Amino acid sequence: MAEGKTLTLNMGPHHPATHGVLRIVLELDGEVIVKATPHVGQLHRGIEKIAEGMNFQQVIPLTDRLDYTAASLNNLGYCLAVEKLLGIEVPKRAQYIRVIMGELARIMGHHLWLGSHALDIGAMTVVFYTFRDREMIMNINEEASGYRLTPSYLRVGGLAKDITPDFIKFVRDFVKWFPTAIDGYHTLLTDNIIWRKRTMGVGKVSAEDAVNFGFTGPSLRGSGVPYDLRKVRPYSSYDDFDFQVPVGEVGDVYDRYLVRMEEFKQSINIIDQAIENLPEGPVNVDNPWVANPDLGAVMEDISALIRRFKIQCEGPHAPEGEVYASVEGSKGELGFYLVGDGSEHPYRMKIRSPCYILTSALPKMIVGHMIADVIAIIGSIDIVLGEIDR
Amino acid sequence: MVEFLSILIIKTLVVFAVSMLIVAYSTWIERKVLGHVQLRHGPTRVGFHGLLQPIADGIKGFFKEEVVPDNADKPVFILAPIISIAAALSLLVIIPFGDSVTIMGHKITLYLTDLDIGILYVLGISTIGSYGVMLGGWSSGNKYGVLGGLRASAQMISYELSMALAVISVVMVSGTLSLVGIVEQQAGLWNIVKQPLAFFIFIVCGLAELNRTPFDMPEAEAELACGYNVEYSSMKFALFFMAEYAHMFVFSAMVTTLFLGGWHGPLLPGPVWFFIKTFALIFFCVWERSTFPRYRYDEVMELGWKVLLPAGLLNILLTGLWMVIFNI
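The listed protein sequences correspond, in order, to chains A and B.
The first sequence begins at 1 in the working numbering and counts up one residue at a time.
The second sequence begins at 1 in the working numbering and counts up one residue at a time.
By construction, these hints were calculated from the structure, which means they are not laboratory data.
Because the structure is a prediction, the values reported are computed rather than measured.
Do not rely on the hints blindly, as some may be mistaken.
[Stated by the list, open to error] Which stretches of chain B does chain A cover? Using the computed rule of at least three CB atoms under 8 angstroms from a CB of chain A, they are:
#1 205–213
#2 290–297
[Stated by the list, open to error] Dumping the calculated EDC-like pairs for lysine to aspartate or glutamate here, alpha-carbon to alpha-carbon at most 20 angstroms:
#3 A/Lys-204 <-> B/Glu-288
#4 A/Lys-265 <-> A/Glu-280
#5 A/Lys-197 <-> B/Glu-288
#6 A/Lys-84 <-> A/Glu-276
#7 A/Lys-350 <-> A/Asp-301
#8 A/Lys-364 <-> A/Asp-209
#9 A/Lys-84 <-> A/Asp-286
#10 A/Lys-231 <-> A/Asp-272
#11 B/Lys-143 <-> A/Glu-31
#12 A/Lys-49 <-> A/Glu-314
#13 A/Lys-364 <-> A/Asp-29
#14 B/Lys-143 <-> A/Asp-209
#15 A/Lys-161 <-> A/Glu-89
#16 A/Lys-169 <-> A/Asp-272
#17 A/Lys-176 <-> A/Asp-166
#18 A/Lys-265 <-> A/Glu-249
#19 A/Lys-197 <-> B/Glu-30
#20 A/Lys-204 <-> B/Glu-30
#21 A/Lys-231 <-> A/Asp-242
#22 A/Lys-197 <-> B/Glu-160
#23 A/Lys-265 <-> A/Glu-135
#24 B/Lys-143 <-> A/Glu-27
#25 B/Lys-60 <-> B/Asp-99
#26 A/Lys-161 <-> A/Asp-191
#27 A/Lys-197 <-> B/Glu-299
A virtual CB, placed ideally from N, CA and C, is assigned to each residue, including glycine.
Let the hints inform the model, and build the full structure from the sequences given.
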């Protein structure tokens, strides 16, 4: 290649296939990429800094806006970190409902991934089918919390409120329906010869490279490393449930696709077990500094009224110390590092964003491929800019 | 002379009007069919089931602001959509809609002309049409546009070859280059039975010529952000789209003519059969668009040169052998 013969193409931030506002500066030799430089930060909202001025409960809606495609999982990661700092454990029923909400959120995230990934590769119909099923989860979210996309349903110390019988009915309906829908997705894509041609052998990442880059989640498992925090370090009663961790073989786009498709099935399996074995009991921790007294008590007892007022205004005070808690988010290991200084807000909150780390590997994955592969690869690592830029 | 001219003018007007109506309503068909495949309704607001939507779109196209980018090559930028639409409309001349009818003692043929070299005319003019796409992308001064234009030129030229090979085998069977002749020769047996491989090659190449999924390289919206037409606005943009849908109509008409027996069919009159077959093919174009993912650029070239071209040559060889052995 002669010097000065490349074309610099600024892909993004406003581009239909960069999943938000990712900007990649590509150097092209014909259609082949010789150099790629991702630029992030267009969606920076300073969530970590804003959190420092809020009390622990108030931060929860902020975490919804990280990976907004799978909002409840962010809530879960954050709540686990705060609960670890406070040294409390939520009741079994709350843990099960959290698992249900978390797995539903994972399915929601994968729905958006599948739809947009297929749309990027040109199969425009899949997105409508995934959104039909995503709508059912939205309804479940609405039944639980009143919100559809960003439920903010989890609280430090438990849940916002107990679930309703309708919630259970909706979840059961979804569990019953969803396997049929997954078969539909497979029919449209998995054996399609064009889909296979576009995804097989593209964007290969070896297991060693994936580990060295810090990959987590389905992108790591696509490379054949069976690392899943739900198995490795079970939290929120995940050890009660029976599920498998799907892994790929070669680590190309197709393997990552198959891993996520299988995760649909495993998630629905977990939800089925959780909703059928849902324990009775309270949904909030029995700790006077964390959990609100119920409204009946507030009406009759002055101390309960004062306590509710204090909890609403200030919330629990965290002890001095620092903790790290992480969950298996829909994109990878979503970690929250919290420093408490004795006050009611975090002294520092650091979010370990899986997508940020996946993005760091983009140049290596892209170089040598063609423009059409760039969007296939971006789609296959399933990045969400809300989480990268925070 | 006057009689001949007036018949010709009336026929031209009718063919033009009907074809433009079909072109406009293929956008409606596309949006409706795509909508229903994708659990949506498509246009519903303008008119009954959105039937006036194409007209509303046209009016909107006329009243939008024209934007010509600063670093565009202005004359070429304006010329490109004109080439596109002109080539597409010139193709309407030779479509044989039906046989002849007798009105008030005059024998009127249901096609504008019957060129002796009809099929060559189709191939030639449709190639000129691809200049529109190529120059449009090239002149717009946009990198995505340039990439789209490059892809368009490469893709259309390579698929033109295989398409011509498929046509050659049809011509061998029919013994004529005239489209009317080809249709008349299919009265007993449609060419799709005699030439199934050529039919397949022609359909695939036609989709590539039309820039439709799975071969919509020049305008791949996910990769190139609409490619060659990214800088176009207003009526110039609409002209590109009219050209695309006119090409789709012509392509469907060509498949009907070359392989599906044209106006031949039982019971119903000829033109009805012609339009039934043509609309079935337009429906097919929309249907496959909603189903298939998009090929990658190099895979498209590979398919064109390594699969379809040899297959086309093989088909000609087999057809020739068959004709020699059975002495047709």
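Consistency of the hints with the structure:
1. Three residues within the 8 angstroms Cβ limit are the bar, and the stretch 205–213 of chain B against chain A gives 1, so the coverage statement is violated.
2. Counting residues of the stretch 290–297 of chain B whose CB lies closer than 8 angstroms to any CB of chain A gives 8, so the stated coverage by that chain holds, three being the minimum.
3. Proposed proximity of A/Lys-204 and B/Glu-288 is contradicted: the alpha carbons are some 30 angstroms apart, above 20 angstroms.
4. With a C-alpha separation of about 26 angstroms, the suggested pair A/Lys-265 and A/Glu-280 falls outside the 20 angstroms cut-off, and the hint is violated.
5. For the hint linking A/Lys-197 to B/Glu-288, the alpha-carbon distance of about 17 angstroms falls within 20 angstroms, and the restraint holds.
6. A distance of roughly 28 angstroms separates the Cα atoms of A/Lys-84 and A/Glu-276; the hinted pair therefore is violated under the 20 angstroms criterion.
7. Restraint check: the Cα-Cα separation between A/Lys-350 and A/Asp-301 comes to about 40 angstroms, which exceeds 20 angstroms; the hinted pair is violated.
8. With a C-alpha separation of about 10 angstroms, the suggested pairing of A/Lys-364 with A/Asp-209 holds against the 20 angstroms cut-off.
9. Between A/Lys-84 and A/Asp-286 the alpha-carbon distance is near 15 angstroms, which keeps this suggested pair within the 20 angstroms criterion.
10. A threshold of 20 angstroms between alpha carbons decides the hint, and for A/Lys-231 with A/Asp-272 the separation of about 18 angstroms falls inside it, so the pair holds.
11. For the hint pairing B/Lys-143 with A/Glu-31, the CA-to-CA distance comes to about 12 angstroms; that is within 20 angstroms, so the pair holds.
12. For a cut-off of 20 angstroms, the pair hint linking A/Lys-49 to A/Glu-314 stands: about 18 angstroms separates their Cα positions.
13. Annotation: proposed proximity of A/Lys-364 to A/Asp-29 holds, straight-line Cα distance about 16 angstroms (limit 20 angstroms).
14. For a cut-off of 20 angstroms, the pair hint linking B/Lys-143 to A/Asp-209 is broken: about 33 angstroms separates their Cα positions.
15. About 17 angstroms separates the Cα atoms of A/Lys-161 and A/Glu-89, which keeps this hinted pair within 20 angstroms; it holds.
16. In summary, the hint linking A/Lys-169 to A/Asp-272 is supported, as the alpha carbons are separated by about 12 angstroms, within the 20 angstroms threshold.
17. A hinted pair counts as satisfied when its Cα atoms are at most 20 angstroms apart, and A/Lys-176 with A/Asp-166 qualifies at roughly 15 angstroms.
18. Distance hint between A/Lys-265 and A/Glu-249 is fulfilled; the C-alpha atoms sit about 19 angstroms from each other, no more than 20 angstroms.
19. For the suggested pair A/Lys-197 and B/Glu-30, the alpha carbons sit about 27 angstroms apart, so the restraint of at most 20 angstroms is broken.
20. A threshold of 20 angstroms between alpha carbons decides the hint, and for A/Lys-204 with B/Glu-30 the separation of about 37 angstroms lies outside it, so the pair is violated.
21. A C-alpha spacing of about 10 angstroms is found between A/Lys-231 and A/Asp-242, which places the hinted pair at or below 20 angstroms, so the restraint holds.
22. Straight-line distance between C-alpha atoms of A/Lys-197 and B/Glu-160 comes to about 24 angstroms, which puts the hinted pair past the 20 angstroms bound.
23. The straight-line distance between the Cα atoms of A/Lys-265 and A/Glu-135 is roughly 18 angstroms, inside the 20 angstroms bound, and the hint therefore holds.
24. About 12 angstroms separates the Cα atoms of B/Lys-143 and A/Glu-27, which keeps this hinted pair within 20 angstroms; it holds.
25. Of the supplied pair hints, the one linking B/Lys-60 and B/Asp-99 is violated, its CA atoms being roughly 38 angstroms apart against a limit of 20 angstroms.
26. Using a Cα cut-off of 20 angstroms, the hinted pair A/Lys-161 and A/Asp-191 is violated, with the two alpha carbons roughly 44 angstroms apart.
27. Proposed proximity of A/Lys-197 and B/Glu-299 is supported: the alpha carbons are some 8 angstroms apart, at most 20 angstroms.
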